[in-house]
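> Listed below are the residues making up each chain.
2 protein chains.
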Amino acid sequence: MIKILDCTLRDGGYYTNWDFSKELVSTYLESMNMLPVDYLEIGYRNNPMKDYLGEYFYCPSYLLEQVKEASDKKLVIILDEKNVLPVHVDNLLKPCVGIIDMVRIALDPQQFGRALKLAERIKAMGFEVGFNTMYMSRWREFPAFLEDLRFVDQVADYFYMVDSFGGVYPQDVIETINLIREKTNIKLGFHGHNNLELGLINTLTAIEHGVEIVDATITGMGRGAGNLKTELLLTAMNAKDGLEVDFNALSKTVDGFSQLQQSYGWGTNLPYMVSGANSLPQKNVMEWVTQRFYSFNSIIRALNNQKQKVKDNYKLPVFKPSKKYDNVVIIGGGANAVNHAQGLREFIAGLGNVCIIHASSKNANTYEDLEIDQVFCLVGNEGHRLEKVFHSFKNFSGSCVLPPYPREMGTYIPEAVVENSFELERIEFSNRLNDTHTALALQAALELGDENVFIAGYDGYIQASISQKEKSLTDENEFLFSSFAQHTGKPLVSLTPTNYKSVAVKSVYSLLA
Amino acid sequence: MIKILDCTLRDGGYYTNWDFSKELVSTYLESMNMLPVDYLEIGYRNNPMKDYLGEYFYCPSYLLEQVKEASDKKLVIILDEKNVLPVHVDNLLKPCVGIIDMVRIALDPQQFGRALKLAERIKAMGFEVGFNTMYMSRWREFPAFLEDLRFVDQVADYFYMVDSFGGVYPQDVIETINLIREKTNIKLGFHGHNNLELGLINTLTAIEHGVEIVDATITGMGRGAGNLKTELLLTAMNAKDGLEVDFNALSKTVDGFSQLQQSYGWGTNLPYMVSGANSLPQKNVMEWVTQRFYSFNSIIRALNNQKQKVKDNYKLPVFKPSKKYDNVVIIGGGANAVNHAQGLREFIAGLGNVCIIHASSKNANTYEDLEIDQVFCLVGNEGHRLEKVFHSFKNFSGSCVLPPYPREMGTYIPEAVVENSFELERIEFSNRLNDTHTALALQAALELGDENVFIAGYDGYIQASISQKEKSLTDENEFLFSSFAQHTGKPLVSLTPTNYKSVAVKSVYSLLA
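One line per chain: the protein sequences are P and Y, in this order.
Just remember that the working numbering sits 3 ahead of the position in the first sequence, which is counted from 1.
Just remember that the working numbering sits 3 ahead of the position in the second sequence, which is counted from 1.
Hints in this document: simulated from the structure, not taken from any laboratory.
Among the hints, erroneous ones may be present.
Intra- or inter-copy, both count: the list cannot distinguish identical chains.
As the list claims (entries may be wrong) - Calculated pairs, BS3-like style, for lysine-lysine (alpha carbon to alpha carbon, straight line, at most 25 Å):
hint : residue 1 : residue 2
1    : K286      : K243
2    : K76       : K126
3    : K391      : K255
4    : K25       : K391
5    : K186      : K97
6    : K255      : K286
7    : K243      : K310
8    : K310      : K255
9    : K493      : K76
10   : K493      : K504
11   : K77       : K255
12   : K126      : K243
13   : K6        : K71
14   : K493      : K326
15   : K97       : K85
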């Protein structure tokens, strides 16, 4: 009888930073009690890390006990082999004794030797042990790993093939099973990703060819494109094999995670398809897709560059302005750069020695006709926006600045402005977020400005509820503003209303005669 | 060489009622010009129908010409066999001559004889002809159809297998191909649905087994769970077979349809999985999922009833109240039923001979302690909400009314109120939307009321932009209010602010002493 392991909380944590509401978890555990699922993997156990990571990344003992209380299922936690040494095992797993049934190890097959030692310690504590071995599509490249496979059944109960890139096809599953079967008789498992929507068929193929345990998550929640959906596997097995499924229980927990999915948006899309089909790591893609302002276009270009091992398509001349300005005004993409346009235009026109830096081209139209030097920041897909704003570029006389070479997202520059485009040599005031609009604008201000740097149209976000993407953008800008202030010794001055905390505010109207 | 037919506009029209913005279509056509797609199916040609159906449902000649102008691809339109007789063909297809390359016929295999005659007329006009034959998983049940297959290559160029329910597996595809190959040598096609996320693997399997043309749509847009995604097919064929794909062009049109998808929400989900896995028609499921207020729970229950051929789980006693009231106040789920609670409670308490009907239980808490007869409308998943509101039902003394038997969505009644639950005999003032909260509440008011029917907390939707679901709910209520007014000869009176146009308004405060 095939066993099903649901790892929604563990793998879904990549989206929520391993925090979940009590209500969602309680509905999940109740539903699972009614469903033909054998194991629940609830999270990681980990040594302390420096960034904030949530409840299910550490699974402290009170949490383990609460889950044990609420669940009738066998419980699983996972260790990440690269973060755990055999000496850590006792401390990490002592609270799990009597509560957790299986400990899994996520591992790179190139560290298989180390993982065997880790497994030995875990096995000795009385746990079932599962190996979650990554990169199944590349295993033939690691002969030492294949050689050592014969030792695995001494220390482990299940050996999982993980389709890390989400790019394997049913035929590959069969071939990998045959490859492993030459070396060991351990029970096999399969963890399928869904980049190419092959999670179900790969898993059913694995089952048909003798795999004994398979992973799935509710709504497919999981890193990147996510996993085989538990509800899809159960529905298919109900219809095909008569597996009994309480669809009311199932739909309750699917409802809960579907709502969460509307904020986080896991699931496959064109960038994940391309990374899966070409076996490119999806960690970067996930950051690009979820956190940032890149269009599919930029991401696809970056993935194509990776695939062709091109670092970047262009090397541009470095931005070395011949002239310095007493005043620099950075225009952001916020509504206040338009709402207060008349005041801002009066102010800028009155300054004399001034230039404008457009962090985003979004509001550039409003300032187009001012006879003042203007600089445009080009990141990701911004070149396309510039084209939309300036159409034929007939009266365009600005310069464009791009991030330092090489540009991870590739480089798109409208043909008409290639002659006036430059790359920054470096971002000197911050060592992260170096390819954001705001980082570019601030660095350009350092290159161009002599005295005052103003910002306008950086509104921050004002709604009570904002999307993850907006939240992340606001946090990034806040970080850059405060780094810039530290670097220059004085805060930026916003001329328009703003919710950013690390900038000073001077109403543009207070500065007009 | 395999041919690809993209039918995004035709099949996507099921979501947008066959209207698309000019910008979306123009980006789509431009992108397609850059991509290895052979045919574009742009819509239907149809005789006039009585409901409103959009531009791409009729494809008038100016539209055909515009698309021809913008596209380098072979163009296709489709006829629905059940709506078209051979005598219509000339009129419907004359404007297509010289513009459209292929005419497809969507058909039920049980009407195969009729379709052959239709095809003959179409072929005679010089078009390529494709048969899109539905229900491939049931073809063995139709021997006359299988027998007549030998005539198909005289009148058609392509014969498509359509996975109508979205429930076939790769092995079924192979078996169906073999079944057809016994009868005819016509070129085969495959149109796959994605309920079980098997669109890609079924299509690749079909290609591997000699199918020569396959369908796909951008983002999978299409009726119900939708289709194989064009971007997924192209990405897979690019990585596997070296098919050249301009990913920038592809991502441009994917971006456009992805944005539309956020409003309409096509794609698979638990109800579509269940209907696919069990070969249940997805037309109803699509209505339930997109238009209405049913939870996955109610839909799954309805699908289970269909699967087990149960009409409904319960027959309840008919609602025949022994008492009539001079005044009935219907409380809706809008915020104004809470915002104006004090005024409403004063007004209701002062009326004396009165009862309350809760169209939704959402605001029931606010009126729970009033010592007045109260009736609760139970539709779909409302029983679960009632449980949440009243917990143990300790002090619950109300009655519940349900739609007339049989209830399409099945019946869920919390155990504690089964004794006090009744079904309406009929909805007498409307012949549609009979299982909505508002229809129930109004019919209950007819049964209970003698004189005045008030409503409160029917706010309508006030934001500038509302979701399709909200819009649809508002339209439904408006229809019911106006049907009710026609039936009774006087409009309903709203006591709280409302945006509904077919009700009269009297401020609750104007009616207080």
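> All hints are to be evaluated individually against the structure, with a verdict given for each.
Here is how each hint holds up against the structure:
no., hint, verdict
1, K286 to K243, "between (35 Å within a copy, 23 Å between copies)"
2, K76 to K126, "within (20 Å within a copy, 62 Å between copies)"
3, K391 to K255, "between (45 Å within a copy, 14 Å between copies)"
4, K25 to K391, "between (46 Å within a copy, 17 Å between copies)"
5, K186 to K97, "neither (33 Å within a copy, 68 Å between copies)"
6, K255 to K286, "between (30 Å within a copy, 23 Å between copies)"
7, K243 to K310, "between (39 Å within a copy, 14 Å between copies)"
8, K310 to K255, "between (41 Å within a copy, 20 Å between copies)"
9, K493 to K76, "neither (58 Å within a copy, 60 Å between copies)"
10, K493 to K504, "within (14 Å within a copy, 58 Å between copies)"
11, K77 to K255, "within (21 Å within a copy, 46 Å between copies)"
12, K126 to K243, "neither (36 Å within a copy, 41 Å between copies)"
13, K6 to K71, "within (20 Å within a copy, 55 Å between copies)"
14, K493 to K326, "within (22 Å within a copy, 78 Å between copies)"
15, K97 to K85, "within (20 Å within a copy, 69 Å between copies)"
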